[in-house]
Amino acid sequence: MFSRRLFLQGGALMGLSSLLPAWARSASDGNTGLRPATATEFNLSVGRFPVHIDGRAGEAVGVNGTLPAPLIRFREGDEITLNVTNTLEEDTSLHWHGLLVPFQMDGVPGVTFPGIRPGETFTYRYAVPQSGTYWYHSHSGLQEQQGHYGPIIIDPHHHDPIAFDREYVLVLSDWTFENPYRVFAKLKKMSDAYNYQQRTVGDFLADAKARGLGAAWADRAMWGQMRMSPRDIADVTGATYHYLINGHATADNWNGVFQPGERVRLRIINASSMTIFNVRMPGLPMTIVAADGLNVQPLEVDEFQMGVAETYDVIVQPTEDRAFAFVAESIDRSGQAVATFGPRPGMRAEAPALRAVPTLTMKDMGMDHGAMDHGSMDMAAMDQSGHGMMDHDMEDHVDHDMSGMKMDHSAVMAEATWPVEKKDIKRGPGVANVAMMPMSRLDEPGIGLEDVGHRVLRYSQLRSLARNPDLRPPGREVEIHLTSNMERYMWSFDGVKFSEVTEAIVFHEGERLRVTLINNTMMPHPIHLHGMFFDLVNGGGDHCPRKHTVIVKPGEKLSFDVSADHVGDWAFHCHLLYHMHAGMMQVVSVLPSKDRMKEKYNGMDDMHDGHEGHDMPEMHDMHEGHDMKPPVEMDHSTMDHGMHEEMK
Amino acid sequence: MRKFCFTALASISLCLPALAQAHSGHGTSGGDRPWSQADAWFDPAEMDAVRQHMQAHHGATPLAMFMLNRGEVQFADDKESGVWDADFWYGGDLNKVWLKTEGEYDFDAGKVEGAEVQLLWSRAVSRYFDLQTGLRYDFEPDGIAHAVLGFQGLAPYWFEVDGAAYLSEEGDLTADFEAEYELRLTQRLFLQPRIEAAFSAADIPERNLGSGLTNLQAGLRLRYEIRREFAPYVGVEQHSALGGTADRMEAAGGDPDQTWFVVGIRSWY
Chain A
1 MFSRRLFLQG GALMGLSSLL PAWARSASDG NTGLRPATAT EFNLSVGRFP VHIDGRAGEA
61 VGVNGTLPAP LIRFREGDEI TLNVTNTLEE DTSLHWHGLL VPFQMDGVPG VTFPGIRPGE
121 TFTYRYAVPQ SGTYWYHSHS GLQEQQGHYG PIIIDPHHHD PIAFDREYVL VLSDWTFENP
181 YRVFAKLKKM SDAYNYQQRT VGDFLADAKA RGLGAAWADR AMWGQMRMSP RDIADVTGAT
241 YHYLINGHAT ADNWNGVFQP GERVRLRIIN ASSMTIFNVR MPGLPMTIVA ADGLNVQPLE
301 VDEFQMGVAE TYDVIVQPTE DRAFAFVAES IDRSGQAVAT FGPRPGMRAE APALRAVPTL
361 TMKDMGMDHG AMDHGSMDMA AMDQSGHGMM DHDMEDHVDH DMSGMKMDHS AVMAEATWPV
421 EKKDIKRGPG VANVAMMPMS RLDEPGIGLE DVGHRVLRYS QLRSLARNPD LRPPGREVEI
481 HLTSNMERYM WSFDGVKFSE VTEAIVFHEG ERLRVTLINN TMMPHPIHLH GMFFDLVNGG
541 GDHCPRKHTV IVKPGEKLSF DVSADHVGDW AFHCHLLYHM HAGMMQVVSV LPSKDRMKEK
601 YNGMDDMHDG HEGHDMPEMH DMHEGHDMKP PVEMDHSTMD HGMHEEMK
Chain B
1001 MRKFCFTALA SISLCLPALA QAHSGHGTSG GDRPWSQADA WFDPAEMDAV RQHMQAHHGA
1061 TPLAMFMLNR GEVQFADDKE SGVWDADFWY GGDLNKVWLK TEGEYDFDAG KVEGAEVQLL
1121 WSRAVSRYFD LQTGLRYDFE PDGIAHAVLG FQGLAPYWFE VDGAAYLSEE GDLTADFEAE
1181 YELRLTQRLF LQPRIEAAFS AADIPERNLG SGLTNLQAGL RLRYEIRREF APYVGVEQHS
1241 ALGGTADRME AAGGDPDQTW FVVGIRSWY
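Chains as they are written, first to last, in the numbering used here: chain A, 1 to 648; chain B, 1001 to 1269.
None of these hints come from the bench; they were simulated from the model.
Please read these numbers as outputs of a predicted model, since none were measured by experiment.
Glycine included, every Cβ here is placed at the ideal spot set by N, Cα and C.
A couple of the hints might just be wrong.
What the hints assert, rightly or not - List of simulated lysine to aspartate or glutamate pairs, EDC-like, C-alpha gap at most 16 Å: (1) Lys189/A to Glu1229/B; (2) Lys188/A to Asp1043/B; (3) Lys1079/B to Glu1104/B.
Stated by the list, open to error - Here are some chain A residues the structure puts well away from chain B; computed CB gaps all over 12 Å: (4) Gln317; (5) Lys422; (6) Gly568.
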């Protein structure tokens, strides 16, 4: 169905849209909405191909000759087969982001499989117990930056609770004509090489005029003393990036159509390498109906900040007969991608001007001055002081949902009745800062969106549509610190780069545990755990949102609860590509329980306790896998055939 | 002297294994794999190799950088000279090899006035500072080798500083210290004050140095970054010889205080 040959024959001579799969084209090129065409077998060829981006020719690495890669759409529970052929001269891989696949199908070289060698075809085969909007991308080198990503839609097996008349998928991404290894090298050599939004002498003078010389000077002195920049918001910026929606830059004007009054479902995927986006449609409220693929209680907002690798499904219902802009603005406001939705194909909405560049505060350093006035370093007091900080903000957010906030704090502040495993941060050149007073920031909209004057999503507002499947309290809590030295461009967990990791983070099958992330850096990090959904502890009780990726704001401390159901080694990392590449990565090993081991030796087959996902075919697979003696010489192209039979 | 030089070079090369270790990145070998569940599905040896490769490429990528910090022509009344100040480094986050060179070419005399090269092992010892040790060799004017112990880093308030002590093969102890600051006028236009001070522990007649603070350079450069990697600049620099050094210079008919105008390029890759 995705023919590379077709592309090679005619594509190069035609315009942008002809190079794109149907779903990624504009309405003016015939795309009036997605067709619910599911399949069970997909042939994907990874290679290099020419692309035309923002009016300029370049070369991409990706799938089937298109950027973004083809839409993979299938039905929940169907066993699907994906034959991935590598035509590159380097290894490649495909990871199915957010999909609960058996771990050996997860596609992370060196963690779950050896990767796909040049010339080789690797067959992924799995069935997953979920539906919704997801995506896939390379987990090899920096290929993701070169265009190696595409959308996944899984249609629900039964009834879809989300009603809509028309749907589109919107893949947001960032593209550079520079070699991504060069981008990384530049960041290592000069970490602010792409930042053209620093504060200048002129800003200082303006600030001194507005706030007084003393205050302006004290502010500069404080940041200077710390050797940090309050404008250090994005490492890679519009200085090199072309921001894309379905492969279209603003000038290319991706456009979709609707008939006034229709409910239009937008499946939005942030497939960027480094760009956290602010998403809005001026004049048109968006109702969030799914986050990270799973349904949430409908929530109407005007804007939301979207971490790299997060997905949101929104419903919009335009009633006016006019064009609306869909704006994906880079968090540092160094650029944006604008698309159009209108009643007729080819319309172009006016692109709003970029908003003012945000400036970080001491709160982002985990050292809020207001909070420090409380004068205590003890943990309970820290959360208490968080209240003080929130109170300050209240004036700016009169529409805040107070009850949600209270719940949030009660949840975060609840005294842990389970053991908490705190790890010492390995101090050294790689750790520039340790947040003295990390606090919950789930009730904040994200950097730069505090005062935009309309409704912005806060994580504290998200509620799962379905009741959470596992309501056990955590048996233990693991703390993980996000650490960095921006000046040296070193990124790590607990001060240990992935290259230095000697042991994985261990979860035990069947346990319920809490993971607490503490961001000691000045940047927001979209943290992704492979292979399982986690329940974000946001005060949602038994309806916490279940996510695969969560933004941890600067100076923030947040927790998620997770059930270690899926045995295997799972990657756990910051989804900012160059942070991961610099070492902000770990592996979570879900080790089989002793009972499971015992059953294995007794040759018993039926050991699942009926928990969500437990009766999945891949679990049988896993089980079989433990009995399997790995052959010494393994041929990737044939190796999973045996599995195929077992999965029936 | 040459022998001294090569011996010291050899001692630096002993530091290289540490550098290499920084590249491979992790100390695990064969037996204690940090995770291995995929071994049940794939060839364990292949998994191990890929894991090691993968880990090394997430945090231990060695890089190389070339920086022409100052490549400039200096003008005073009726004199012109060319000055270079360039670095090259290779290595990982903690261990690097540095090659530094500085020198001066006198256009009027048509010869190199001074040229030194340093080969250093650099170790990140704190968040913002590296300790550097190795060898310096002065090709001009006198062909003398020195052992070097120095530091380089970013001081609070964004001062880029570096300093080193030098022990020459003649037994003379000297030192220098440099500090730069960048005032951001616009996103591409920078005003950079810079000072450089040189010290000597004792009188060194053959190098025309008195003891104590011997020389001071204070400069101001206005730089425009056409690209981050390529920036022309203009500036002015005051050179002063002090104390016994100034006396010697005056005795030789020189002027211990000179003002130079400079035009140059800063560039890196």
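Q | Violated hints - listed by number, lowest first | A | When the structure is compared with the hints, numbers 2, 6 turn out to be violated.
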